[in-house]
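Construct the entire structure; sequences and hints are all you get.
Protein sequence lines, in the order shown, are assigned to chains A and B.
Counting along the first sequence from 1, when you hit position 297 you're at 297 in this note's numbering, and nothing is skipped either side.
Heads up, this note's numbering is the position in the second sequence plus 442, with the first residue counted as 1.
Do not rely on the hints blindly, as some may be mistaken.
Within a straight-line C-alpha distance of at most 20 Å, the following computed EDC-like cross-link-like pairs (lysine to aspartate or glutamate) qualify [as the list claims (entries may be wrong)]:
| no. | chain 1 | residue 1 | chain 2 | residue 2 |
| --- | --- | --- | --- | --- |
| 1 | B | 636 | A | 324 |
| 2 | A | 192 | B | 599 |
| 3 | B | 484 | B | 595 |
| 4 | A | 192 | B | 527 |
| 5 | B | 636 | A | 81 |
| 6 | A | 194 | B | 800 |
| 7 | B | 880 | B | 503 |
| 8 | B | 636 | A | 85 |
| 9 | B | 634 | A | 85 |
| 10 | A | 194 | B | 668 |
| 11 | A | 194 | B | 523 |
Worth flagging that the hints you see were computed from the coordinates, not collected in a lab.
Number of protein chains: 2
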Amino acid sequence: MQNELDDLLTVLRFPSVSTDKTHDNDVRACADWLARKLQSLKLNVQIHETPGHPVVVARNEHRADRRTVLIYGHYDVQPPDPLGEWKSPPFEPAIRDGRIFCRGATDNKGQFMAHLRGIEQTLAEDGDLPVNLIFLIEGEEEIGSPHLRPFLEKHRDALRCDVVAISDTGMVARGVGTFTYGIRGIACMEVKVKGPSIDLHSGIFGGAVANPATMAARLAATLHDDQGRVAVAGFYDDVLPIQDWEREAWNALGDSTPETLQLTGAPALFGEPGFHERERRWARPTAEINGIGGGYQGPGSKTVIPREAMMKLSFRLVPAQNPDSILDLAEAHLRRHTPPGVTLEITRGHTGPSYVMDPHSPAGKAAQRALKQTFGGHVALIREGGSIPIVQAFKEVLGVDTLLLGLALPDSQLHAPNENFVIQCYHDGVRLNRALLKELAG
Amino acid sequence: MQNELDDLLTVLRFPSVSTDKTHDNDVRACADWLARKLQSLKLNVQIHETPGHPVVVARNEHRADRRTVLIYGHYDVQPPDPLGEWKSPPFEPAIRDGRIFCRGATDNKGQFMAHLRGIEQTLAEDGDLPVNLIFLIEGEEEIGSPHLRPFLEKHRDALRCDVVAISDTGMVARGVGTFTYGIRGIACMEVKVKGPSIDLHSGIFGGAVANPATMAARLAATLHDDQGRVAVAGFYDDVLPIQDWEREAWNALGDSTPETLQLTGAPALFGEPGFHERERRWARPTAEINGIGGGYQGPGSKTVIPREAMMKLSFRLVPAQNPDSILDLAEAHLRRHTPPGVTLEITRGHTGPSYVMDPHSPAGKAAQRALKQTFGGHVALIREGGSIPIVQAFKEVLGVDTLLLGLALPDSQLHAPNENFVIQCYHDGVRLNRALLKELAG
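This is how it looks when you write it as structure tokens:
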């Protein structure tokens with residue numbers, strides 16, 4: 001008999017980094033493996049090509065008298081760098097202290113593979129599932145799912161369902177069933193700050209021309225005020241306030257400050273005045289510099305004025321901010337604040353709006369029952385800071401809500417070196433899948 | 443018979459990058475080759491070890507009735523990156539349009555090799571030189587010559603001389619003999635801006651912690667005011683004003699703005715208000731960001747809050763600023779302006795004071811006669827923006843002035859991709875060496 005974790009370990013070994021073209025073959029190989037695995041469960045499987053990475057869709061035989069549940073996952077992962085900080089190679093899953101360490105262990109391979117295993121178990125025991133299943137696994141989540149919305153639109157009829165379920169969010173603590181009813185959106189942008197046509201000797205020319213590294217820094221510094229508020233004009237105009245019931249539910253979880261300090265290792269917390277730590281992450285928008293670079297960054301010194309510098313920006317968005325409008329405001333801000341002696345080249349990246357659903361809806365209640373069966377105790381009702389743009393697409397294209405039933409722990413190191421998935425969370429995820437399909441069957 | 447350029451091309455092929463430890467063997471091999479070459483001229487040659495890269499010293503037989511001239515050069519070079527912008531490989535000299543393209547072609551291999559060739563010719567024709575020669579070639583100029591001052595101190599007696607001559611500066615234009623009587627100093631510093639203990643997901647944690655990339659930019663932005671003045675308190679306190687005769691000599695060279703715009707390819711000039719373009723480069727101090735980096739700079743996007751960001755800073759200094767005092771002021775400024783939520787780690791780099799000599803001294807006049815014999819016409823009297831810290835050491839340790847008789851052209855691309863040396867400048871340099879030694883012999 002195969003080991004319970006074998007399939008997960010196999011999937012983790014694919015370095016399916018969607019943002020890096022040199023990994024295109026690995027992404028493809030991962031999709032192929034998943035399709036073969038799902039076929040082995042006697043599901044109906046198709047690999048759908050897109051202009052980017054393929055979408056794998058598996059379904060059982062649908063019957064008109066059953067509810068239809070779409071389970072979503074993504075088999076692509078974030079780049080593994082900085083490589084030097086991994087304790088074991090990023091694409092060789094290593095088990096230590098009850099955790100699997102690997103890029104993608106939690107985000108998202110461990111989580112969707114728990115659903116796959118739950119389905120496998122139910123099919124083995126019952127010969128069928130209690131619902132019509134559509135299991136959709138895409139390969140472009142980490143680059144903003146650019147081709148999934150067109151895919152949903154094209155296959156709108158075949159993908160018609162009553163609800164979507166996704167495990168790609170977090171639990172407030174180990175063993176505490178957590179239902180996420182809202183997530184932030186995102187809007188990305190890359191900015192090149194261009195000056196001289198060549199790198200210049202900073203002795204010979206220093207003082208006579210604008211230095212793009214300096215000017216990129218000056219421009220970046222205009223994005224916030226001294227206290228951490230985003231200083232882009234109009235940025236907060238459409239932000240909906242936090243509801244009283246939400247504030248109460250979140251306060252009931254206790255003060256998150258010590259945990260966030262511990263998880264981040266930051267010397268102090270810092271954020272928008274007037275909001276609690278959790279509110280800043282779950283319900284307030286941000287502007288972040290995800291990357292900045294220009295000039296010589298190697299060992300020693302090189303006295304150069306670089307010909308250009310760059311910044312990668314992302315904005316996390318909350319209801320009811322519009323991603324495109326935010327990028328419009330940001331671009332206007334950047335152009336208005338362009339320092340003298342340089343020019344800007346702005347490239348817009350991926351976007352996705354924020355999302356909220358009513359956790360007291362019938363599907364929301366079914367999800368909470370499944371969580372209670374799996375984990376016992378009180379189910380936490382939360383929002384989250386990360387972005388799953390696809391959730392908004394499910395709402396807009398298929399007209400359905402998404403149940404976010406995450407299995408990530410606060411110290412899973414998503415997007416960071418030494419990403420890991422607690423093996424117990426995998427087993428809980430298998431049980432959650434089985435309870436959820438039963439509860440949603442009604 | 444060997445080609446006139448063969449030795450220069452051989453020296454250029456050594457990738458003698460002093461700042462990069464992986465090139466230590468190449469630096470050494472270059473020193474060894476030079477020692478063998480100088481030995482073949484029947485000069486007395488020693489390779490002096492230092493804690494870093496070696497110093498090569500060659501001398502003829504000294505006679506008490508002759509003046510002693512120390513010719514200085516450096517065989518180390520700047521790193522070649524960004525590699526992708528070279529039209530031919532940086533360490534394979536390529537001849538195009540009467541120029542040799544190679545890292546180090548002008549800075550400084552082409553220039554000291556012209557002196558070496560001049561000496562070789564004089565020895566071949568006359569059997570002796572008109573002066574006592576000390577030919578000193580070091581391997582650490584591009585990292586601030588950290589071991590040359592101790593070397594001068596240790597060998598003070600053996601290196602006693604009447605004057606130093608260096609070709610490591612520029613000509614105001616091709617064919618115009620140029621005497622540089624002043625250079626700027628330098629003080630370098632690296633700053634790490636540290637926040638979380640690990641890279642964080644900017645969705646999950648964005649808004650709750652200070653982003654080191656953002657904070658590095660905010661800190662960098664405090665270094666200047668909006669108009670380009672350095673905003674470090676006390677920075678200009680010790681700066682000596684430009685003399686009237688200097689301003690007149692420089693204005694006589696014509697407006698440098700069009701040439702600087704053309705050479706740099708910058709969309710506009712930008713610098714300290716109240717000073718001409720040339721004054722800003724030659725006689726006013728600067729603060730430059732030579733490198734800034736943090737977070738993801740690769741293709742695509744990675745929504746990360748980096749755990750740290752870095753800046754490499756250098757300050758160009760003018761009489762009578764003290765490099766260590768400037769670093770004290772800069773460090774105090776950076777610590778005072780450290781944004782919330784991050785900590786700083788400051789590492790001081792190499793320093794060298796500025797230098798001025800009297801161009802109307804006997805040695806200065808001899809140098810100008812040699813320039814006039816070599817190039818004809820009017821000799822330009824200038825200062826320069828770059829730094830040659832060793833010049834101040836010659837003054838302080840050996841008590842002598844340095845004649846700066848550069849052969850670099852404004853478009854030699856020093857420190858930049860496609861560095862090049864005009865072959866005619868090499869031939870001029872050979873003649874200049876011969877005229878100079880005669881004139882200095884008196």
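Hint by hint, here is what the structure shows:
A C-alpha spacing of about 32 Å is found between residue 636 (chain B) and residue 324 (chain A), which places the hinted pair above 20 Å, so the restraint is violated. About 54 Å separates the Cα atoms of residue 192 (chain A) and residue 599 (chain B), which puts this hinted pair outside 20 Å; it is violated. A hinted pair counts as satisfied when its Cα atoms are at most 20 Å apart, and residue 484 (chain B) with residue 595 (chain B) does not qualify at roughly 27 Å. In summary, the hint linking residue 192 (chain A) to residue 527 (chain B) is supported, as the alpha carbons are separated by about 17 Å, within the 20 Å threshold.
Between the alpha carbons of residue 636 (chain B) and residue 81 (chain A) the distance comes to roughly 18 Å, so the proposed pair stays at or under 20 Å and holds. A threshold of 20 Å between alpha carbons decides the hint, and for residue 194 (chain A) with residue 800 (chain B) the separation of about 40 Å lies outside it, so the pair is violated. A hinted pair counts as satisfied when its Cα atoms are at most 20 Å apart, and residue 880 (chain B) with residue 503 (chain B) qualifies at roughly 17 Å. A hinted pair counts as satisfied when its Cα atoms are at most 20 Å apart, and residue 636 (chain B) with residue 85 (chain A) qualifies at roughly 16 Å.
Only pairs whose Cα atoms come within 20 Å are accepted, and residue 634 (chain B) paired with residue 85 (chain A) is accepted, the gap being roughly 18 Å. For the proposed pair residue 194 (chain A) and residue 668 (chain B), the alpha carbon gap of about 18 Å is at most 20 Å, so the pair holds. Distance check on the hinted pair: residue 194 (chain A) and residue 523 (chain B) sit about 18 Å apart at the alpha-carbon level, within 20 Å; holds.
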